[in-house]
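Let chain A serve as the given structure and place chain B on it in line with the hints.
First to last, the sequence lines map onto chains A and B. Positions in the first sequence are counted from 1; adding 3 to them yields our numbering. Positions in the second sequence are counted from 1; adding 1068 to them yields our numbering.
If you're looking for bench data, these hints aren't it; they were derived computationally from the structure. Possibly wrong hints are sitting among the right ones.
In silico lysine-lysine, DSS-like type, Cα no more than 27 angstroms apart, as pairs [stated by the list, open to error]: (1) A:24 with A:101; (2) B:1104 with A:306; (3) A:24 with A:515; (4) A:25 with A:515; (5) A:196 with A:101; (6) B:1104 with A:311; (7) A:420 with A:108; (8) A:313 with B:1104; (9) A:420 with A:101.
Simulated restraints on C-beta separations [claimed, not checked]: (10) A:132 with B:1132: 26 to 34 angstroms; (11) A:307 with B:1182: 31 to 39 angstroms; (12) B:1131 with A:270: 55 to 63 angstroms; (13) A:10 with B:1116: 22 to 30 angstroms.
If you want a taste of the chain B side facing chain A, the calculated C-beta under 7 angstroms gives, among others [claimed, not checked]: (14) 1077; (15) 1078; (16) 1107; (17) 1171; (18) 1174; (19) 1175; (20) 1176; (21) 1178; (22) 1180.
Bear in mind that the values here come from a model prediction, so they are computed numbers and not experimental data. We put the beta carbon where it would ideally sit given N, CA and C, even for glycine.
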Amino acid sequence: MSANIVITDNYRWSNEHNNVKKQVLRRYQISNNTATQWRDGLAGIQEMIAQVRSRSERLRSYGGKWSLSDVAICNDAVHDSKPLTYWGSVGQSSIVGKPLYEDPKPLAQRLFYFQSGAQITQINRALEDRGNCLATTGASNGQTLAGAVSTGTHGSALRIGAMQDYVRALHIVTSANEQCILQPKSNPIVSQKFSDIFGAKLVNDDELYLSALVSFGSFGVIHGIIIETVSLYMLETYSSRVDYKQAEQVLPLLAAFDQNSSGNLTPFLQQMGLPAEEDPYHLDIIANPYELKNNAFLRVMYKRPFDKLKLSPEPDGSSTRVGDDILSLIGSVADSAEVLVPLIVNGLFGSASEEQTGYTQTPRNIFGDSTIYKPKNGSASSELGVPIARAGEAINLVMSIAEKANFAGLLGIRFVKNSAATLAFTRFSPLTCTIELPGLNSANTQNFYRQVFQGMDAIGIPFTLHWGQEGDYSPARLASMYGTAVARWVEARKRMLPDPMQRYMFSNDFLKRCGISESAALSGGTEIA
Amino acid sequence: MTTKFRSMQQVLWIVLVISYGTLALPGCSSVHVAAKQASKADDTFETTVWALWWGGSDPVESVDCSGNGLQVVSTSTNWLYSLCAVVTLGAVVPLDIEYRCTSTPLQGGDELGAVPGDNQSGDHQSGDQQ
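So here's chain A without its partners, still in its complex pose:
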């Protein structure tokens, strides 16, 4: 193997939340060479694929190990993408498309190519240095861009969607000598000139593109991603503890959310004593099932043009931030005895729900570091996506089951513009309400998740499940969640990877469980002459 490829045999893999552990045959780590920019990294991926294929093994790239399911891991060969961190702008002469977002800066100053291992925390800082930022992220910064996109990671930006929704093209390596820049035919972004830089084939195809966007590494190894960023902005944040009964009054307004109107939530904002001149950019609710009063934490953030003079002091890093992801809160108590958890969660909920009135910072500092440090017992989380029109029913159901099941965790409720990606779990229009259920990794928690899925089925609320979290990923469940989109995705994968051996190579146990994996069919069967 080349010098820039480091192989670790019999590697013990575990995710950041320590609830998925695997002994894998081999881990590949491939680095760039400064002198050759991205070239050695790309060549290394091709060499790795050739070796894995010659051994008839499976291969899965992973990033920040942020997923709580086994979506990003296989038992054979794994590829740690994090050393691949090359990035650059897409020159004006390569751009053929129109911007997704209205922005004072021209598209050429906002369009960037990132290699797959670039982590959100790195991207945030690099973009901020250039006066740009990501339109939205998850609540934390530990993922790689490719990992976050491939599993449909989202925040709660009402007009943006999930992270895959600002991707403009994917650079995918499918074999030792095949790679492509894949972009939608209906809205392409780069010309042949750009794909020629990499020696890649330019593929303009809506169905392939939308299927590959959320495909968990099963369409090949993602070498890079072109994203459209936006001019740097600030988030002016307001957070307060309220009764959930008060907070839920926003749900009917969100159900009628009109992307062309800026005053969808005015009555609710006025009622809560919040700035009401325009809709917030971001809105979420954390609900605590252990309390009856003051049991919700309402966070509202308004987008403001960047003005250095109006920034609040940066968070010091040692305290809970207003944007902290609730999984971190749970993760930090996951090593405690289960019986103590309600007590500790109540305490953490109290500290997390610090009142904020106008705290203003860039997204990098609002959605910054997570406070998770590999809990020994692991943490667990499942996340449902439901149509916004049924969100009230769904949340009430989950709250009542949580109470009965003594669920050791919190509810994180967010609202995301629907995504066009074929298997996006934020697929419900106009907004998908996501209900995250982080808790201790215990049999009780898993039982609670099952009860929630059964309860949703019983009252006929359609729902999806976040690919990077835990849940029921059986073929029957996939069919009820995505309907005919599953077959379209499988067909698209066949077109992308026409060789059955390729499809086997980029599959894993997760795909097999979902019923969307295809191993090479046996041929022959007659007497050998």
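Quick look at chain B alone, frame taken from chain A:
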């Protein structure tokens, strides 16, 4: 006398129950020092160090992060380690240490495909602030 003996027994039981409970708890105290907004490398390394003779032989751990910085250092102790320190009157103090390096900083930042030296987008050096 019998009453006094019984209350002493009760106290002993309470001490035993608390001690057993403490032992049975899976988690113990830990301290983390994390670099702010630093990217994570893949591996976390763990080791147990022994501080001996009241500071006379303090351990020094050498860490190879391939030129990158440390992302996090965590120390943790447990009931047995504390007992060891007490029994040896502080002469032997074990401590568990975990650390993790930062990952490769971002590379490049210029226009892709541009001729080297032809910097069309300004100065774009970037990377993690270590």
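Each hint, compared with the structure:
1. For a cut-off of 27 angstroms, the pair hint linking residue 24 of chain A to residue 101 of chain A is broken: about 43 angstroms separates their Cα positions.
2. At most 27 angstroms may separate the alpha-carbon atoms for a hinted pair to count; residue 1104 of chain B and residue 306 of chain A meet this at roughly 24 angstroms.
3. A distance of roughly 18 angstroms separates the Cα atoms of residue 24 of chain A and residue 515 of chain A; the hinted pair therefore holds under the 27 angstroms criterion.
4. Proximity of residue 25 of chain A to residue 515 of chain A is assessed by CA-CA distance (about 16 angstroms); at most 27 angstroms being required, the pair is judged to hold.
5. Straight-line distance between C-alpha atoms of residue 196 of chain A and residue 101 of chain A comes to about 17 angstroms, which keeps the hinted pair within the 27 angstroms bound.
6. For the given pair, residue 1104 of chain B sits about 20 angstroms from residue 311 of chain A by alpha-carbon distance, which is consistent with the 27 angstroms threshold.
7. For the suggested pair residue 420 of chain A and residue 108 of chain A, the alpha carbons sit about 24 angstroms apart, so the restraint of at most 27 angstroms is met.
8. At most 27 angstroms may separate the alpha-carbon atoms for a hinted pair to count; residue 313 of chain A and residue 1104 of chain B meet this at roughly 22 angstroms.
9. A distance of roughly 20 angstroms separates the Cα atoms of residue 420 of chain A and residue 101 of chain A; the hinted pair therefore holds under the 27 angstroms criterion.
10. Take residue 132 of chain A and residue 1132 of chain B: their Cβ atoms lie about 29 angstroms apart, and the range 26 to 34 angstroms holds.
11. Taking the beta carbon of each, residue 307 of chain A and residue 1182 of chain B are about 34 angstroms apart, inside 31 to 39 angstroms as hinted.
12. For residue 1131 of chain B and residue 270 of chain A, the hinted distance range of 55 to 63 angstroms is satisfied, since their beta carbons lie about 57 angstroms from each other.
13. Between residue 10 of chain A and residue 1116 of chain B the C-beta distance comes to about 28 angstroms, which sits within the given range of 22 to 30 angstroms.
14. Nearest Cβ of chain A to the Cβ of residue 1077 of chain B: about 26 angstroms, over the 7 angstroms cut. The hint is violated.
15. Given the 7 angstroms rule on beta carbons, the hint for residue 1078 of chain B is violated: about 23 angstroms separates it from the nearest Cβ of chain A.
16. Of the supplied interface hints, the one on residue 1107 of chain B holds, with its beta-carbon coming within about 4 angstroms of a beta-carbon of chain A, less than 7 angstroms.
17. The interface hint given for residue 1171 of chain B is met, as the beta carbon of that residue sits about 5 angstroms from the closest beta carbon of chain A, less than 7 angstroms.
18. Taking 7 angstroms as the C-beta contact cut-off toward chain A, the hint placing residue 1174 of chain B at the interface holds, the least distance being around 5 angstroms.
19. Checking residue 1175 of chain B against chain A: minimum C-beta separation of about 5 angstroms stays under 7 angstroms; hint holds.
20. Using the Cβ-Cβ criterion of 7 angstroms, the hint placing residue 1176 of chain B at the interface with chain A is satisfied: the shortest such distance is roughly 5 angstroms.
21. A cut of 7 angstroms between beta carbons decides the hint on residue 1178 of chain B: the least distance to chain A is about 5 angstroms, and the hint holds.
22. With its C-beta approaching chain A no nearer than about 4 angstroms, residue 1180 of chain B sits inside the 7 angstroms limit, and its interface hint holds.
When the structure is compared with the earlier hints, violations turn up for hints 1, 14, 15 and for no others.
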